[in-house]
Amino acid sequence: MKTLVWVEHDAGQVKDATLACVTAASKLGEVHLLVAGEGVGPVAEAAAKIAGVGKVHVAEGATYAYALPEAVATLVVELMGHHDAFLAPATANGKNIAPRVAALLDVMQISEILSVEGDATFTRPIYAGNAIATVKSSEAKLVITVRGTSFEKAAREGGTGEIEAVSSAGDAGGATFIGQEISKSERPELTSAKIIVSGGRALQNSENFHSIIEPLADKLGAGVGASRAAVDAGYVPNDYQVGQTGKIVAPEVYMAVGISGAIQHLAGMKDSKTIIAINKDEDAPIFQVADIGLVGDLFKIVPELTSKL
Amino acid sequence: MLAALMGRPQGTFASKVEVEGDSVTVTREVDGGLETVKLAIPAIVTTDLRLNEPRYASLPNIMKAKSKPLANKTPADYGVDTTPRIETVKVSEPPKRVAGIKVADVDELMAKLKAMGVAA
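Sequence order for the protein chains is S and Y.
When we follow the working numbering, the leftmost residue of the first sequence carries the number 1464, and every step to the right adds one.
When we follow the working numbering, the leftmost residue of the second sequence carries the number 57, and every step to the right adds one.
Heads up, some of the hints might be wrong.
What the hints assert, rightly or not - Distance condition first, Cα-Cα at most 20 Å in a straight line; then the derived PhoX-like pairs of lysine-lysine:
{"id": "1", "chain 1": "S", "residue 1": "LYS1512", "chain 2": "S", "residue 2": "LYS1558"}
{"id": "2", "chain 1": "Y", "residue 1": "LYS94", "chain 2": "S", "residue 2": "LYS1558"}
{"id": "3", "chain 1": "Y", "residue 1": "LYS168", "chain 2": "S", "residue 2": "LYS1763"}
{"id": "4", "chain 1": "S", "residue 1": "LYS1465", "chain 2": "S", "residue 2": "LYS1599"}
{"id": "5", "chain 1": "S", "residue 1": "LYS1733", "chain 2": "Y", "residue 2": "LYS152"}
{"id": "6", "chain 1": "S", "residue 1": "LYS1743", "chain 2": "Y", "residue 2": "LYS158"}
{"id": "7", "chain 1": "S", "residue 1": "LYS1733", "chain 2": "S", "residue 2": "LYS1763"}
{"id": "8", "chain 1": "Y", "residue 1": "LYS94", "chain 2": "S", "residue 2": "LYS1736"}
{"id": "9", "chain 1": "S", "residue 1": "LYS1771", "chain 2": "Y", "residue 2": "LYS168"}
{"id": "10", "chain 1": "S", "residue 1": "LYS1657", "chain 2": "Y", "residue 2": "LYS168"}
{"id": "11", "chain 1": "Y", "residue 1": "LYS158", "chain 2": "S", "residue 2": "LYS1763"}
Unchecked claim - To give an idea of the chain S side of the interface with chain Y (calculated C-beta under 10 Å), a few residues:
{"id": "12", "residue": "LYS1558"}
{"id": "13", "residue": "VAL1564"}
{"id": "14", "residue": "ALA1566"}
{"id": "15", "residue": "GLY1637"}
{"id": "16", "residue": "ILE1645"}
{"id": "17", "residue": "ASN1671"}
{"id": "18", "residue": "PHE1750"}
FYI, nobody ran anything at the bench for these hints, they're computed from the structure.
Glycine included, C-beta positions come from ideal geometry on N, C-alpha and C.
Throw the hints in and build the complete structure from the sequences for me.
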């Protein structure tokens, strides 16, 4: 089977979620990549070095600059003439593009796969991760999104992919990119951080969040997350949210501070290797999944922990 | 998918929507923050959970709605084939996490962190 993986990239770098996607694709067969964007020469070269990559299709053009789904999906459909499966990471951009591709190809998409069980058989979470469904597709072409935390990342070096230019002007189909506000942070990105410190509503306000959670995270070199309650209350921006409707994370260590552990939050972090919970309510559901629990007042515990680190 | 089938632009995960003339400006929630796109109308917009407050149906309207006629149609009436092309082979329970240990104070937690190599 020939697979085509859409490469998500930012500032000349291939994103980690794409590497996990390459691993998933390699379980299906030959891996080809699609790099689309403006000035993507360096990205294409980096992509060709990813272990296990056969061919890198490069589409250069201003239309592709911001991963507008209207343009990228049309391009993917053209390439799908000689590929059997399309894979994209289950990120905001991947989830924007893949369904459009699926509709244009008239196939049913298989979303957020956790593992590859066979040629057309996959597992995927249903009911907010409370059950795992094994699904088998009978489509001629597969359209798949891949949950990045469920696959090992392919090595960035060691591949000898061949770069091939795709000549397609592209058409943004009535969509124009206006601008973006990306929160700048020196901290590691949530979906690829080794350690994450997350805060919940118990922090009471935004100032507490910054003065309690962030120093601890910085000491640990950790990414900062939050529960939906903390985001809804406006303590931190939306992109901090970990959970079913936020980011799905699986760090080595996940530290939940003042988070009770609603099932929707657990859905986003329960694949973490070690979960540490700090909460004053000893009956909080978070303690049922935590490897290490500490019952007590976070306003005392966290500063003490930070100072001792 | 609808947008693709109609060949129209799409704005997904919208947290803000503004219509101006024959286009709509959609602010989208993306992984690292916000992104704004301008789409020619008609466009398909899907919403993020914080876009707005839902309108709840009022009781008088619920009563009124009961008397409205309902037309029951099958997908076949519209010439649509809804046969699933993905088969669910089995549904299983995800691996369960078991509750771990509880530590009494920060020092004990520190010791555990050190043992894991997280803290120096």
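Hints, one by one, checked against the model:
1. S:LYS1512 / S:LYS1558: violated, 25 Å
2. Y:LYS94 / S:LYS1558: holds, 19 Å
3. Y:LYS168 / S:LYS1763: holds, 19 Å
4. S:LYS1465 / S:LYS1599: Holds: S:LYS1465 and S:LYS1599 sit about 18 Å apart, inside 20 Å.
5. S:LYS1733 / Y:LYS152: holds, 9 Å
6. S:LYS1743 / Y:LYS158: holds, 12 Å
7. S:LYS1733 / S:LYS1763: Roughly 26 Å separates the two Cα atoms, so the pair is violated.
8. Y:LYS94 / S:LYS1736: violated, 41 Å
9. S:LYS1771 / Y:LYS168: Holds, at roughly 13 Å.
10. S:LYS1657 / Y:LYS168: holds, 17 Å
11. Y:LYS158 / S:LYS1763: holds, 17 Å
12. LYS1558: Constraint on S:LYS1558 satisfied, holds at 7 Å.
13. VAL1564: holds, 8 Å
14. ALA1566: OK, holds: S:ALA1566 within 10 Å of chain Y, min 4 Å.
15. GLY1637: holds, 3 Å
16. ILE1645: Holds: closest Cβ of chain Y sits about 4 Å from S:ILE1645, inside 10 Å.
17. ASN1671: This hint is violated: S:ASN1671 lies away from chain Y, its Cβ roughly 18 Å from the closest one there, beyond 10 Å.
18. PHE1750: Where the cut-off is 10 Å and the nearest Cβ of chain Y is about 6 Å from S:PHE1750, the hint holds.
Taken one by one, the earlier hints fail for this structure at numbers 1, 7, 8 and 17, listed in ascending order.
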